[in-house]
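The residues making up each chain are set out below.
2 protein chains.
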Amino acid sequence: MQLFRYKIRFSRIDALFISHMHGDHVLGAPGLLSTLHIFEREAPLHIFGPQKLQAMLEQVFQLTDTQLRYPLVFHALEQFAPGEVIFETDKLEVRSIPLTHHVFCRGFLFQEKIKKRKFDYQVARELDIPKQYFHLLKQGNDVELPDGRQILAEGVLFPREPSLSYAYCSDTVANAELIPYIQGVNLLYHEATFMENMRDRAEQTLHSTTLDAAQAACDAEAHTLVIGHFSARYHDLEPLLMEARSIFPRTELALEGRVFDLKHHV
Amino acid sequence: MQLFRYKIRFSRIDALFISHMHGDHVLGAPGLLSTLHIFEREAPLHIFGPQKLQAMLEQVFQLTDTQLRYPLVFHALEQFAPGEVIFETDKLEVRSIPLTHHVFCRGFLFQEKIKKRKFDYQVARELDIPKQYFHLLKQGNDVELPDGRQILAEGVLFPREPSLSYAYCSDTVANAELIPYIQGVNLLYHEATFMENMRDRAEQTLHSTTLDAAQAACDAEAHTLVIGHFSARYHDLEPLLMEARSIFPRTELALEGRVFDLKHHV
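One line per chain: the protein sequences are F and H, in this order.
Numbering-wise (this note's numbering), the first sequence opens with residue 1 and increments by one.
Numbering-wise (this note's numbering), the second sequence opens with residue 1 and increments by one.
Some hints could be false.
[Stated by the list, open to error] As a list, the in silico DSS-like pairs of lysine-lysine whose alpha-carbon atoms are at most 30 Å apart:
id: 1; chain 1: H; residue 1: LYS115; chain 2: H; residue 2: LYS131
id: 2; chain 1: F; residue 1: LYS118; chain 2: F; residue 2: LYS138
id: 3; chain 1: H; residue 1: LYS115; chain 2: F; residue 2: LYS7
id: 4; chain 1: F; residue 1: LYS7; chain 2: F; residue 2: LYS138
id: 5; chain 1: H; residue 1: LYS52; chain 2: F; residue 2: LYS52
id: 6; chain 1: H; residue 1: LYS138; chain 2: H; residue 2: LYS116
[What the hints assert, rightly or not] Label-pair ranges, simulated between beta-carbon atoms:
id: 7; chain 1: F; residue 1: ASP128; chain 2: H; residue 2: ASP236; range: 57 to 65 Å
id: 8; chain 1: H; residue 1: ASP90; chain 2: F; residue 2: ARG201; range: 37 to 45 Å
id: 9; chain 1: H; residue 1: ARG258; chain 2: F; residue 2: GLU40; range: 56 to 64 Å
[Unchecked claim] Partner residues aside, some chain H positions facing chain F, computed with beta carbon under 10 Å:
id: 10; residue: MET1
id: 11; residue: ILE38
id: 12; residue: GLU40
id: 13; residue: THR64
id: 14; residue: PHE80
id: 15; residue: HIS265
If you're looking for bench data, these hints aren't it; they were derived computationally from the structure.
Quick caveat, the model's predicted, so the values are computed rather than measured.
Idealized CB from N, CA, C, for every residue including glycine.
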């Protein structure tokens, strides 16, 4: 229903990443998979989650007589070492991040692969470089033209655009071991279930406070922090935002439907 | 999320009624039960559904380490005969309705109990009836007053207000055996998955067409028909509404968030 509401086409979803087997993180999965089925998806869908998730999906679909019309490819997170690449596309790598919770729990780091440097056609034309040399230059090779001029690739390539990254860290208690995995990330989603005055409860339930999240963003030198997973006791989220910003000013709230464009968090 | 959107307080829900074990009818249940838990429900919740639903809930809650903080009272629908009262409150009786689908499937009839006739205090005062006789009259007894006058209960009681009823019939193929169970219902929800030009497909999949739903409403002498469970192929629902109204004019569409007040369907 949220995908409909925010006009996100089902066909753009290639993979689901589920951190752990608590109800608020996993109970929507069977319904989503079933809806994709009803809307006649045929492309394979990859699911990454704890081994128990596979058992849950199998049992639910068996009890509801559901034979999905598309291939569901399940990948158990237990098989991957922390930090290991678990999924990749042409442009993207996804890595597993170790989190610390009551049950087996993994975050995810989404990283663009190193981008090709773009070719400066205008400069190439101004220098009168014959077209047949473009390909070599694009690949980073310096060339000597028939007229004897040396052309350096450096001179006709734009600077490399940065590879953008997003880390998803929920649910977890504050843990310094997490930091190396999210170092330098553009956007860090970090749970902040409680305010600082409930630190005891956070430690007991293995959740984070606003200040834990902000400290993680500082330590990891993230560009922007997004906090979420707020306890249902908080009706006004402004105090949580203010508290996190007291340590890490570039903090935002994860509100339903909000979109963060990584290009603006560099 | 829909309950939040339409401002329906969780505390007003005493029981859930699930017709059958297909994904579009049952996959939301674990999430709803889990949300009630997170919002600290303590009152018991009754669930009526196929026996397999209990297995599903137990497995899902076991795999997600969920111990609900409120008592969940499961009632398997298989134990009730069609038409039998399965649940009652002070004011309401709920009965099981036999439906015809690929899997075991039951509809539900919600019926107000017979209402007490209201006492006409104004007439009673005008007749100078001593207060100690009110109770007998309210219970329908005729009385003789100390001054010798005979007072008939009929004269001081308003006509009995009708007991309102709502029937939920989804999913089912057209089946005349259903009619006696929904005779005279104020509001009939009946599935209409397909338009009439897809009758073959409806019979194959054991679903109803708009005309099947309208005919059921006619045969049962329902006051108002609400059609729903439309195939995802229909983006514009107006033709389905028009087709049903060609047989049963008082037909409405079951649209998300729409409210039908039974008092207006008498």
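Checked hints:
1. H:LYS115 / H:LYS131: holds (23 Å)
2. F:LYS118 / F:LYS138: holds (7 Å)
3. H:LYS115 / F:LYS7: violated (48 Å)
4. F:LYS7 / F:LYS138: violated (37 Å)
5. H:LYS52 / F:LYS52: Distance of about 20 Å is within 30 Å: holds.
6. H:LYS138 / H:LYS116: Holds: LYS138 of chain H and LYS116 of chain H sit about 9 Å apart, inside 30 Å.
7. F:ASP128 / H:ASP236: 57 to 65 Å: holds (60 Å)
8. H:ASP90 / F:ARG201: 37 to 45 Å: Distance hint for ASP90 of chain H, ARG201 of chain F holds at roughly 40 Å.
9. H:ARG258 / F:GLU40: 56 to 64 Å: violated (27 Å)
10. MET1: Holds. Min distance 7 Å.
11. ILE38: holds (6 Å)
12. GLU40: holds (8 Å)
13. THR64: Holds - the Cβ of THR64 of chain H comes within 10 Å of chain F, reaching about 5 Å at its closest.
14. PHE80: Hint on PHE80 of chain H: violated, closest Cβ of chain F at ~20 Å, above 10 Å.
15. HIS265: violated (28 Å)
Taken one by one, the earlier hints fail for this structure at numbers 3, 4, 9, 14 and 15, listed in ascending order.
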